[in-house]
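Below are the chains, spelled out letter by letter.
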Amino acid sequence: MIFFYELKKLVLSPLILSLAALCVLVNLTFLLVERDGLEPMGQTARPADAVAARTVPIFEGYRTADIAESYIRWYRLDGTNAQRIRNKYDKLQPVVDRKAAVGEKPPVYFSGRMSDFQVLLFGKLLKFISQEIGLLALLAALLAAAYEQMRGTEPVIYASKTGRRVQLPKLYASLTVSALLSVFVIGASLLIFFALFNFSVPWQADVSSVFDHALGETKPFITWHDLTVAEYLWATIGIGIGLALGCCLLGFAAGTGLRSAYGAFGAAVFVLAAFDLIARAPFLPVGSIFKSAWGLNPMWLWRNSGTWFTDGRADMLWANFETLGLCAYSAAFAAAAWGAYHLLRRREIH
Amino acid sequence: MLSLNRVTKQYGNFTALEHIDLEFSQGVYALLAPNGAGKTTLIKMLATLIFPTRGEILWHGDDIVALDASYRELIGYLPQDFGYYRNHTPREFLRYMAAVKCLKRDQAAQRIDELIDLVGLSEVRGKKMRKFSGGMIQRVGIAQAMLNNPQILILDEPTAGLDPKERVRFRNLISSLSKDRIVILSTHIVSDIETIAGSVILLKDRRLFAQDSPAAVCATLAGKVYETDAIEDIRVPHLLLTERQENGRTVTRFASEHDCGESAQSVNPNLEDVFLYVYRDEER
Amino acid sequence: MRLFLYELKKIWSWRVLALLAAFAALVWFSILRGDVQTYKTLSHYASSFGPYQREMFDKYGPTLESEELADYDISGKIAALEGELDDWIASDPLFTGNGISTYAEYEDFRSQDRDSMDKEEYEKFSEITMQMDRKLWLDEYWNDPKKQFTSPYVRLGMLSNLNDTYTEYERNIGHYLEYENQPVAVEAARQILAKHNNSLVPYNLKGTASGYSTVVGVFVILATLLLVSPSLTRDRARHIHPLQYSSTVGRRILLIQWAAVTVSACVFSLVAIGASATALLTTDMSAYFGVSMLSMNYGSIQSLYEITFGQYLLLLAVMIVLLSMTAACFAFVLAKFSTNIIGAVLKIVPLGLAFWVLYLSAISEPFDPRNALFRSILHGRVVMPELILCVVLAAAGLLAAVIVAARERKADIL
Chain A
82 MIFFYELKKL VLSPLILSLA ALCVLVNLTF LLVERDGLEP MGQTARPADA VAARTVPIFE
142 GYRTADIAES YIRWYRLDGT NAQRIRNKYD KLQPVVDRKA AVGEKPPVYF SGRMSDFQVL
202 LFGKLLKFIS QEIGLLALLA ALLAAAYEQM RGTEPVIYAS KTGRRVQLPK LYASLTVSAL
262 LSVFVIGASL LIFFALFNFS VPWQADVSSV FDHALGETKP FITWHDLTVA EYLWATIGIG
322 IGLALGCCLL GFAAGTGLRS AYGAFGAAVF VLAAFDLIAR APFLPVGSIF KSAWGLNPMW
382 LWRNSGTWFT DGRADMLWAN FETLGLCAYS AAFAAAAWGA YHLLRRREIH
Chain B
133 MLSLNRVTKQ YGNFTALEHI DLEFSQGVYA LLAPNGAGKT TLIKMLATLI FPTRGEILWH
193 GDDIVALDAS YRELIGYLPQ DFGYYRNHTP REFLRYMAAV KCLKRDQAAQ RIDELIDLVG
253 LSEVRGKKMR KFSGGMIQRV GIAQAMLNNP QILILDEPTA GLDPKERVRF RNLISSLSKD
313 RIVILSTHIV SDIETIAGSV ILLKDRRLFA QDSPAAVCAT LAGKVYETDA IEDIRVPHLL
373 LTERQENGRT VTRFASEHDC GESAQSVNPN LEDVFLYVYR DEER
Chain C
444 MRLFLYELKK IWSWRVLALL AAFAALVWFS ILRGDVQTYK TLSHYASSFG PYQREMFDKY
504 GPTLESEELA DYDISGKIAA LEGELDDWIA SDPLFTGNGI STYAEYEDFR SQDRDSMDKE
564 EYEKFSEITM QMDRKLWLDE YWNDPKKQFT SPYVRLGMLS NLNDTYTEYE RNIGHYLEYE
624 NQPVAVEAAR QILAKHNNSL VPYNLKGTAS GYSTVVGVFV ILATLLLVSP SLTRDRARHI
684 HPLQYSSTVG RRILLIQWAA VTVSACVFSL VAIGASATAL LTTDMSAYFG VSMLSMNYGS
744 IQSLYEITFG QYLLLLAVMI VLLSMTAACF AFVLAKFSTN IIGAVLKIVP LGLAFWVLYL
804 SAISEPFDPR NALFRSILHG RVVMPELILC VVLAAAGLLA AVIVAARERK ADIL
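Protein chains in written order, with our numbering: chain A, 82 to 431; chain B, 133 to 416; chain C, 444 to 857.
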């Protein structure tokens, strides 16, 4: 019952709704600008012909150790850091062998344009979307957590039978709203994408085959698990929504744990900025455990969204890093939210 | 029975309340003290918004902090600064409050209508509260406090913002509500409680100064309150209480421990006299 | 004046300043410090020009005259290094084993037609050339540019770049002259040709200053929003504004608040620019304040306008201050429509993101032909569009603030 009231407060918040609409508008603008850049080539793409004409088995005899060595050379690594990268790519070799055994073919469905679409959809649009929904979720949670404090209704509500436990339905409502807003932003943006572009991709083909190569790199697009393009899209959306819910937990923890709404916002932004900036810091060497563990944070996952479900880049030492990061940080933020809630239950309301 | 056992509240090195022992059973209890004397601190402890540093507050022998929700479902609370949702109608706001008070939907709907009528907001029940006057908002606050038909009604400065007519109406309301519950009323407006309070609690220097019926409290000043139209003739030490104009004369009311003889007329003390006398140090 | 100081005091809350200081520390340690260190490292031995360009600057001053170029004798230096390389190659079994005994033969070896090779041959060829390159580059000293600089091959590359820049510049600048639809770029190219590309502005000076100023600029704008927003909204949230409006000063308080916000933005941005510039000036940058930025380095025009490096830095600072003031004005406007802090935050977040995107897409790399606003939007037709944009935005912010303040003077306060 209270949950629905809390849900209504958020769903009917004009600011949250305007922000969600603004996100879709920004994505629309972005896609229109991108379409202008891609259009001349789009007219000439004939996927079916291209498949027949130029398929080359790329995984046959492919050595993942070469990827490791190229990273080691590029980053000038040695010692244990280099060894960790070699170990990771040793584990990837059976995946490549399996793909080779089932006759994975390289992609030419877009006559060489696959990587443009790949970059546009997975490297840019879904990255923006996941960042936008993360921000929306953070703000929705902050709004939910600080709602009573802002309106001076804390005393009457905290003195009621529900008391400070009212924060729990608020949390559930903000999680629900985050999920709803995510679905709205993702749905509307993808609808615009598919309306603007002829994305005639073989949805049931293996994504490692359809995508030319990893984003911005020359190595193949090697996923740890066999995923079709459709599965890959859904999985990417799933991780994006998962990260948004994680941000929602972070916003709730900050909004509930800190008495000042502005302080809560500042703290949440500071945490996210620290995630990003420390990950960039030159004192974290590629191949180190700390760099890789730090890179599991939401900000860095967003930054690397085009590499989700693949081997990632050199700074990622573990398979399925996106799932690992999502689980680890969701757990951490959930613990923070739980801690903040218990702090509130003991806190005096002046 | 609600009781406070040697309750002390400290904020760092500052002691707001010290060793307060009180017992509340059915009736109206008026907490009377000047601003900053600790009334709101005590009220907030009773509403479980803040917690005693030492001592305990018991409801039928159980600590109210431990009782948690089962204590809070017994109370109705109107804070000093009553916050509300500006874009809600009174009915919408009361529905939400009914939900946080865990009232059943049908039970709540009926109760909300009753209370809206009781506090005289029937005509504006569908209007957004952002257009309400201070008195109307205060009436919504009273209604929300009454929603769960509380056994303990805690009201912090409830008549603030009410016009004289509303205050009389409110006093009558409190009086009728107190028949089968504890009403704890914090105020520094003496006239609010003179007629309805069964017990007056005076706080002074962070401690309980007195607790008794209004008549008994007033009796502590019996024979010490005088009126005169020639205050300059009073030679004994005295404390000026009030002044009023009467037929072109200035009639001064004062208190003195000494007999003033013929120069002043002894009068019956009222609660306001007691208030001014007890808190004479704070006044200066 | 006293009221103005009170408003300033409200804005400069130590809590917000502490938060901003923590942000600043993060930005410094994770980005800016690395930029300064990279600049220091690259300025001496590791950049495309090594120490040569700076050596010329020390010897000849900010401009390079034709007799000075002749005196430096780049071709003579190149010839000497090629001789050194010949000796090295002739004595190395990796090269001699592959039939290479001079640098010229090595160049021929590398430029073989790879398309005619089969897969095995190609892999073998790639492996050998990679080993040779690594040897010539002294690759084992990759993290010690000073040692790597002892390689004549490395120095040869640097001198070749120097030669391209100061001797062969006419060839490189040709493609700029073909940009007929970008008249400003063409004019810049003509001016560079006319003065024989004689500016000795170091290669990595502009890039470092521009990248550094982008980080500082984005930080300053976001920090300004964080700094000024709460105090304005707090008055509304706590219902102070009816008291202010009904006081003697009345609704003039809005102008005082606006002035306090703008001054705070200016002061904050100047302090932040000053602090970050101090760190940057611990390098050798101050020596180049008088050098012209209108030059072509390594095939790219550094700046489209005849300004010195000092003026360039000054313009960067002015743009940051203008944008910071703009952000403050818009924060002032949005605060007037917010009754609580979260309401303000929900409005200021998209504003901050918009400024961020605007800065990165239109203001970064200013006065450079690659600037997106100059190149893609205005097609190289407008002089200093980045600066004009900042001025226009500041004027728009100012106007919006004035309009809001004027409207508020007649608004009913419910």
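Derived from the structure by calculation, the hints contain no laboratory data.
A hint or two may mislead.
Here are the computed lysine-lysine pairs in the DSBU-like style, where the Cα-Cα straight-line distance is at most 30 Å [to be verified]:
1. C:K590 - C:K578
2. C:K779 - B:K259
3. B:K259 - C:K853
4. B:K260 - C:K779
5. C:K453 - C:K853
6. A:K89 - B:K336
7. A:K300 - C:K562
8. B:K311 - A:K242
9. C:K590 - C:K562
10. A:K172 - C:K502
11. B:K259 - A:K242
12. A:K242 - B:K236
13. B:K311 - A:K89
14. B:K356 - A:K89
15. A:K300 - C:K567
16. C:K452 - C:K562
17. C:K520 - A:K89
18. B:K297 - A:K89
19. B:K263 - C:K853
20. A:K300 - C:K502
21. B:K356 - B:K336
22. B:K260 - C:K638
23. B:K260 - A:K242
24. C:K562 - B:K263
25. C:K578 - C:K589
26. A:K172 - C:K853
Here are the in silico distance ranges between beta carbons for each label pair [said to hold, decoys possible]:
27. C:D558 - A:H306: 36 to 42 Å
28. C:T481 - A:L109: 35 to 41 Å
29. C:A797 - B:S308: 56 to 62 Å
30. C:H682 - B:H390: 37 to 43 Å
31. B:N304 - C:L698: 49 to 55 Å
32. A:Q174 - C:V629: 50 to 56 Å
33. C:S729 - A:A311: 56 to 62 Å
34. A:A311 - C:L636: 44 to 50 Å
35. C:F780 - B:E255: 30 to 36 Å
36. A:H306 - C:R813: 36 to 42 Å
37. C:T481 - A:W315: 37 to 43 Å
38. C:K589 - A:A311: 52 to 58 Å
Note that beta-carbon positions come from the ideal geometry of N, C-alpha and C, so glycine has one too.
- prompt: Where does the structure disagree with the numbered hints, that is, which hint numbers, in rising order?
  reply: Failing hints, ascending: 6, 9, 10, 13, 14, 16, 17, 18, 20, 22, 24, 26, 30, 34.
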